[in-house]
Amino acid sequence: MSVAQVKKPKPDGNNFSGNILAWFGTTLGQILVSILVPALTFLVLWQGYLFLQKANAPQIVQVLVAIIWGVGGVALLYLVTNWLVMKLPKRISKVLQPFVFVGPAVVIMGWFLAIPVLRSLIASFKNYLGTQWVGFDNYKFAFTDPRMLETFRNNLLWLIFGTAFSVGLGLLIATLADRTKAEVLYKSIIFTPMAISFVGAGVIWKFIYTYKGTGVGIQEIGLLNAIVTGLGGTPQPWLSLPPWNNFFLIIIMIWLQTGYAMVILSSAIKGVPSELLEAARIDGATEIKAFFSVIVPYIKGTLLTVTTTIVIFSLKTFDIVRVMTGGNNGTNVIANEFYLQSFTYTDAGKASAIAIVLLLLVTPVIVNNVRQYNQSRRGF
Amino acid sequence: MQKKKMFWSTLAVMLIAAMALGACQTAVTPATEAPTSGETVAALPQGQELANAYAGQYKGTIVTMAGPFTDQDEVVFNDSIKSFEEKTGIDIQYTGSKEFEANINIRLDGGDRPDIVDYPQPGLLKYAVEKGYAIDMTTLINPDWIKTNYSQAWQDLATMTGPNGPITAGIWARANGKSFVFYPKKAFDEAGYKVPTTWQEMMDLTAQIASDGDTPWCIGIESGAATGWTMTDWIEDVMLRVNGPEAYDKWVAGELKFDSPEMNEVLDYIEAIWFNDAYVYGGRAAIPTINFGDAPKPMFENPPKCWFNRQGNFVTTFFPEEAVAGVDYSFFYLPGIKEEWGKPVLGAGDIYAVFHDRPEVRAVIQYFSTGESLKVWVEQGGAILTHNDASLDWYVDPVTRGVAETIRNATTFRFDGSDMMPGAVGAGTFWKYMTDYVSGSVTREEALKAIDASWPK
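Protein sequence lines, in the order shown, are assigned to chains Z and W. Per our numbering: the first sequence = residues 1 to 380. Per our numbering: the second sequence = residues 1 to 457.
Please note: incorrect hints may appear among the correct ones.
Said to hold, decoys possible - Chain Z is nowhere near these chain W residues, computed Cβ spacing over 10 Å in every case:
(1) V76
(2) D79
(3) E85
(4) T95
(5) Q155
(6) K250
(7) R408
Stated by the list, open to error - No more than 27 Å apart at the CA atoms, straight line, and that leaves these computed lysine-lysine pairs for DSSO-like:
(8) K305(W) with K194(W)
(9) K126(Z) with K449(W)
(10) K212(Z) with K185(W)
As the list claims (entries may be wrong) - The following residues of chain Z were derived to be distant from chain W, with all beta-carbon distances above 12 Å:
(11) F143
(12) L358
(13) L360
The set of hints was computed from the structure by calculation and includes no laboratory data. For every residue, glycine included, the Cβ atom is placed at its ideal position computed from N, Cα and C.
With the hints as extra help, turn the sequences into a complete structure.
Quick look at the structure:
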């Protein structure tokens, strides 16, 4: 475009199109075009929006328009803004151009993340309908209600035991598998549950924990109860035995997350230079000593990243509890209480307060995680 | 120069696209508005629009509907509205969702409001009314018709307070009674047992069945996210029988505490059955793990493994398909406890609410205010109507007819209390703490105190 501008087409009386182009080259023309083009772009996008909002057209037409409008709209916006910026003097366009690329992302992030957080924050100070200010009442509920205290206790259990066992087992298996021939096989087996959704895992484990009760002609179909009765014990309603039922739920997360920890840690362990290990062995270190003094410090960064990721998982845990117990019998967690408040009790105020509390709990971990990530990548 | 050309062609394409889209949009709008005009037709008792609809004036219009019933129920519902759709040319597009309770308020708040919504409980509708979304039914349907076709009790239950004062927030569709005990009739008769008519007789029979070496009661309260509602139904039923309707109303309104002598007396009656491992199939610990729909199944084994299942009439849809109503199973009314309170019936129902006022929506809701609209559902079983113009002859099997009769003849009819309480209690702590109490994770006193504490102030 800039090339075309430098070589302004000379006015040529015999050439009609040349004349028009020449007119567009004048300052007034350029200003007009600069206004007209964005206006047209806006018109096209707005019409598309209206069409999608109101249309009774066949579904296939709507879908096609949505795709063309969405993808094409982004391209169009980029083209038009870029064209506008390029028209500006070079000094200014150089400053503005990065924003053409970053701008949309920032706007979308703000729209989908910052504004909802802000709105939740505002809603958390209002009543259940969002019609009256109630001060810190919802936060008082979030920090003092026995139901909430129960969820904090349970999330703490998830945090400590879920994370410790996932990372610990992951590290152990990664280290041990590293020294066997069938490494791929072992790792695949441990990793497979990762492919199962939390809800799917919940359904699977429900069969393991099933309890049918005791009485005339009742047969246990649950795996765990089958094992227990096979060993001569009495069947137990595993999921309604507080506080142990929390651990039965946490086991599911460990089953799912160990594979994740193992894979990441395994690749980190493989990155430990063999010279270092050999040097340690020559210096007389036992395998255990070498593990704790060489391998662990070497993979510390990865270990921290994996741990923080799983910590966030356990703080946000929802699906398993929802599917298995619905938060009954002392297994409630913060995210489930938030869901109940929001969608079952329609109390937007309390739900928002809980969401903000959860956000505050997760934030330090995320900050740490990002910092860790930055360190290992240098420069992001 | 090449670049410039490309730019102009892009611009041209944009222009054409804008015009095309604009054209599409304007072409669509009038189609929905066109049929409002037309020759006048004599009004029906339900309203003018229903008559217009039958005259074909709204042909080709669409009315959207949302509700909680899915699968088989959705098929039956679509069957029952089919003849209306054929006669009028109005397309009623029903979308059922199992997550209805969670989704509907988001849809309403987000501006994505269906024209008509079928609410399974009035507590949920209250939210839409308080927010001012629901349209007053008396502006959509001839108020006189509402008065004729619904009993005062149902009308009162549909009156809710919106931002501009009380309105008739909805009209009732299907009802269900919950004060019923189902039993395996054939085996029951063969064993020589007699249907109990008083609570004492029922307890004696319970003891007798237990001493005969069987388990008398099938009880299960598991129901996914709604686990516990069967227990709260029991409590409501016994509450009506022990403390009467006035105390019941106070309790539902939050004036009578859960942790009160009245409630403790109720739980004494329930514990006598529920917490006796010899009386309940699977024992007390199994109750929270058995799904309410699976609970009656052992009744149909030969010989029955349990004998009584207290549940709403809708539970028959969970019975084995080959079981014949009136032969393989029947029901008796859950007997009264204290004579002064007569024969109260506990029930619930679906209520329709309207969120858009268009002529064709009016026509549909006027149609829904007639028993005719759900006749097919009644004939296929599983529905009991609240409409006065619905005939008892429509009910095909003796069990449903009996249930419908019991509901109509009840000396006292009370709506499911947990559906009327604030959502945080009625669909929350009441279910949750009763489940925890049955499983033994909290004591009775702890549970009752916790529910009281959770009541919104």
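Verification of the hints:
The beta carbon of V76(W) is kept farther than 10 Å from every beta carbon of chain Z, the shortest such distance being approximately 26 Å. Separation of D79(W) from chain Z is adequate, the least Cβ-Cβ distance of about 24 Å exceeding the 10 Å criterion. E85(W), annotated as away from the interface, keeps every beta carbon of chain Z farther than 10 Å; the closest lies near 17 Å. For T95(W), the non-interface assignment is confirmed: its Cβ lies about 14 Å from the closest Cβ of chain Z, beyond the 10 Å cut-off.
At roughly 25 Å, the least C-beta separation between Q155(W) and chain Z is larger than 10 Å, which holds for a residue marked as non-interface. With a least beta-carbon separation of about 22 Å from chain Z, K250(W) lies farther than 10 Å from that chain, consistent with its non-interface assignment. Distance check on R408(W): its Cβ is at least 33 Å (rounded) from any Cβ of chain Z, clearing the 10 Å threshold; non-interface status holds. Simply put, K305(W) and K194(W) have alpha-carbon atoms about 18 Å apart, close enough for the 27 Å limit, and the pair holds.
Distance restraint check for K126(Z) and K449(W): the Cα-Cα separation of roughly 26 Å lies within the 27 Å cut-off, and the hinted pair is therefore satisfied. Restraint check for K212(Z) and K185(W): the C-alpha separation of about 25 Å stays at or below 27 Å, so the hint holds. The claim that F143(Z) is not at the interface with chain W holds, since no C-beta of that chain comes within 12 Å of its own (minimum 15 Å). Chain W leaves L358(Z) outside its interface by the beta-carbon criterion, the shortest separation being 18 Å against a cut-off of 12 Å.
For L360(Z), the shortest C-beta to C-beta distance to chain W comes to about 23 Å, beyond the 12 Å cut-off, and the non-interface label holds.
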